[in-house]
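In case it helps, the working numbering puts the sequence shown at residues 40 to 472.
Don't read these hints as lab results, they were simulated from the structure. Please note that the accuracy of each hint is not assured.
[As the list claims (entries may be wrong)] With a straight-line cut-off of 20 Å between C-alpha atoms, the simulated PhoX-like cross-links for lysine-lysine are:
id, residue 1, residue 2
1, Lys442, Lys297
2, Lys297, Lys258
3, Lys182, Lys258
4, Lys152, Lys220
5, Lys297, Lys459
6, Lys315, Lys248
7, Lys410, Lys309
8, Lys174, Lys150
9, Lys170, Lys248
10, Lys410, Lys442
11, Lys258, Lys270
12, Lys77, Lys64
13, Lys362, Lys297
14, Lys402, Lys309
15, Lys404, Lys309
16, Lys76, Lys64
17, Lys383, Lys352
18, Lys383, Lys410
19, Lys362, Lys404
20, Lys287, Lys248
21, Lys459, Lys442
22, Lys174, Lys152
23, Lys315, Lys362
24, Lys220, Lys258
25, Lys309, Lys353
[Unchecked claim] Label-pair distances were calculated between CB atoms; the ranges are:
id, residue 1, residue 2, range
26, Arg198, Ile236, 19 to 25 Å
27, Ile274, Val327, 14 to 20 Å
28, Arg198, Lys76, 23 to 29 Å
29, Arg198, Asp286, 23 to 29 Å
30, Leu289, Lys404, 50 to 56 Å
31, Ile274, Gly101, 55 to 61 Å
32, Cys284, Ala171, 39 to 45 Å
33, Lys383, Thr201, 53 to 59 Å
34, Arg447, Lys220, 22 to 28 Å
35, Lys383, Ser292, 35 to 41 Å
36, Gln419, Lys220, 51 to 57 Å
37, Met285, Trp428, 48 to 54 Å
38, Lys383, Tyr254, 21 to 27 Å
Think of the CB as a built atom: it goes at the ideal place given N, C-alpha and C, for glycine as much as any other residue.
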Amino acid sequence: MNISFFGLGYVGCVGMGCLAQNGHKVIGIDISSEKIKKINEGMPTIVEAGIDEIIREQHLQGRIRATHDYMEAVRESDISFVCVGTPSTNNGHLNLNYIYQTAEEIGEALKEKNGFHIIVIRSTVFPGTNKAVGKIIEDMSGKTRNVHFAVVSNPEFLREGTAVNDYMNPPLTVIGTDCEKARDIMTELYAPMGAPIETVSIEVAEMIKYVNNSYHALKVTFANEIGRVCKAYGIDSHEVMRIFCMDKQLNISPYYFKPGFAYGGSCLPKDLKALKTMAHDLYVETPVLNAIESSNQHHMENAIEWIQAVGHKKIGVLGLSFKAGTDDMRNSPIIHVIEALYGKGYEIRIYDRSVSLARLIGKNKSVIEEKLPHLNCMLQDDMDSLLDWAETIIISNNDEIFKSVRVREGQAVIDLVRIKELEKENGYRGICW
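Whenever a hint applies, use it, and build me the whole structure from the sequences.
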């Protein structure tokens, strides 16, 4: 394929070199005369392991060149990768001027070009940027998106120092598009990499890079906080984290990575508080650990606000224990929600087939006596009668029987755990989706 790269910095230089190595003919565009000169002399614009040899060899093969002429670059290519900078402003927003300027240039060039053209946004941008770029190109070119051109979001996951290897051996390739033709062409382009190709919505593709990097930052700071606590105890933190990482079922796995309701139960809240107390007693600052509980509390308050916003007063709650299949109500987050709504004058009825007033003993009994002394008036033994009565249904755990819930006209469902069978129902709302 014939490919153009707008922006010959880190992402652009590595991308054009690797695609040229795969046999494509690549032309680079940049405002920097120095970068243009380097590429046209067979030299990379960055310092990165392995890229010198690739650029030199592909330049000798006649597959790589660079120019200031964006009209020529678009005219002589089928795909244009946008790899320009998106620097942060002082308030944390992005400066998208380079993105939009590039869109204007591509739009101007497409006005004079026949044939389908794909614009690939490789730069890291806020959700919604792709659509804005498409509108600019439509306005500048007089052409129609997904008829004459497509705009694809294709985030990069390169690490400095290993970027060439990361490009050629990615864990996956993400293609965000609303155009079937563009999807097929991009799939063909990336097929030689041999990695799974995930075709997703444009907005998901725009969001994923921020999620990745924020999580990587979180991992670093979490490990460092654990390291500081361990050091204060004289414990080998590397050994602790080595054992931690051996658990591939929970710790290093997709488990717990499904947005839903707040955590609860007898273990997580208790042990988090204990670890924070250890750190406090040792005079060790742990701001990440300290923020977890307040974030969890905020999530519960968010659920309360969602329920109030619906405007109904008769609330039916499906699930009282902190998870399905148990009667453990210690630190069950839905109890906090019920307590708050009851205090605001809402009528509450609850169904949980694992919870029985007659069987409540020990801590479970004391939790209810303290938090929900009126549970005997709320707890129902028939789910269908509760559903007939309720104006709003709250689903707080993923008991299998909740999949069979049917929603009547005018009834609302607030799903805190994501039961997919209910998403098609009118009045359905998911707390995080």
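Status of each hint after checking the structure:
no.: 1; hint: Lys442 / Lys297; result: 18 Å, holds
no.: 2; hint: Lys297 / Lys258; result: 17 Å, holds
no.: 3; hint: Lys182 / Lys258; result: 45 Å, violated
no.: 4; hint: Lys152 / Lys220; result: 18 Å, holds
no.: 5; hint: Lys297 / Lys459; result: 13 Å, holds
no.: 6; hint: Lys315 / Lys248; result: 30 Å, violated
no.: 7; hint: Lys410 / Lys309; result: 18 Å, holds
no.: 8; hint: Lys174 / Lys150; result: 14 Å, holds
no.: 9; hint: Lys170 / Lys248; result: 17 Å, holds
no.: 10; hint: Lys410 / Lys442; result: 28 Å, violated
no.: 11; hint: Lys258 / Lys270; result: 18 Å, holds
no.: 12; hint: Lys77 / Lys64; result: 17 Å, holds
no.: 13; hint: Lys362 / Lys297; result: 14 Å, holds
no.: 14; hint: Lys402 / Lys309; result: 14 Å, holds
no.: 15; hint: Lys404 / Lys309; result: 18 Å, holds
no.: 16; hint: Lys76 / Lys64; result: 18 Å, holds
no.: 17; hint: Lys383 / Lys352; result: 10 Å, holds
no.: 18; hint: Lys383 / Lys410; result: 15 Å, holds
no.: 19; hint: Lys362 / Lys404; result: 17 Å, holds
no.: 20; hint: Lys287 / Lys248; result: 23 Å, violated
no.: 21; hint: Lys459 / Lys442; result: 8 Å, holds
no.: 22; hint: Lys174 / Lys152; result: 18 Å, holds
no.: 23; hint: Lys315 / Lys362; result: 25 Å, violated
no.: 24; hint: Lys220 / Lys258; result: 38 Å, violated
no.: 25; hint: Lys309 / Lys353; result: 33 Å, violated
no.: 26; hint: Arg198 / Ile236: 19 to 25 Å; result: 20 Å, holds
no.: 27; hint: Ile274 / Val327: 14 to 20 Å; result: 19 Å, holds
no.: 28; hint: Arg198 / Lys76: 23 to 29 Å; result: 27 Å, holds
no.: 29; hint: Arg198 / Asp286: 23 to 29 Å; result: 25 Å, holds
no.: 30; hint: Leu289 / Lys404: 50 to 56 Å; result: 30 Å, violated
no.: 31; hint: Ile274 / Gly101: 55 to 61 Å; result: 59 Å, holds
no.: 32; hint: Cys284 / Ala171: 39 to 45 Å; result: 41 Å, holds
no.: 33; hint: Lys383 / Thr201: 53 to 59 Å; result: 54 Å, holds
no.: 34; hint: Arg447 / Lys220: 22 to 28 Å; result: 43 Å, violated
no.: 35; hint: Lys383 / Ser292: 35 to 41 Å; result: 39 Å, holds
no.: 36; hint: Gln419 / Lys220: 51 to 57 Å; result: 54 Å, holds
no.: 37; hint: Met285 / Trp428: 48 to 54 Å; result: 50 Å, holds
no.: 38; hint: Lys383 / Tyr254: 21 to 27 Å; result: 36 Å, violated
The structure is inconsistent with the numbered hints 3, 6, 10, 20, 23, 24, 25, 30, 34, 38, although it conforms to all the rest.
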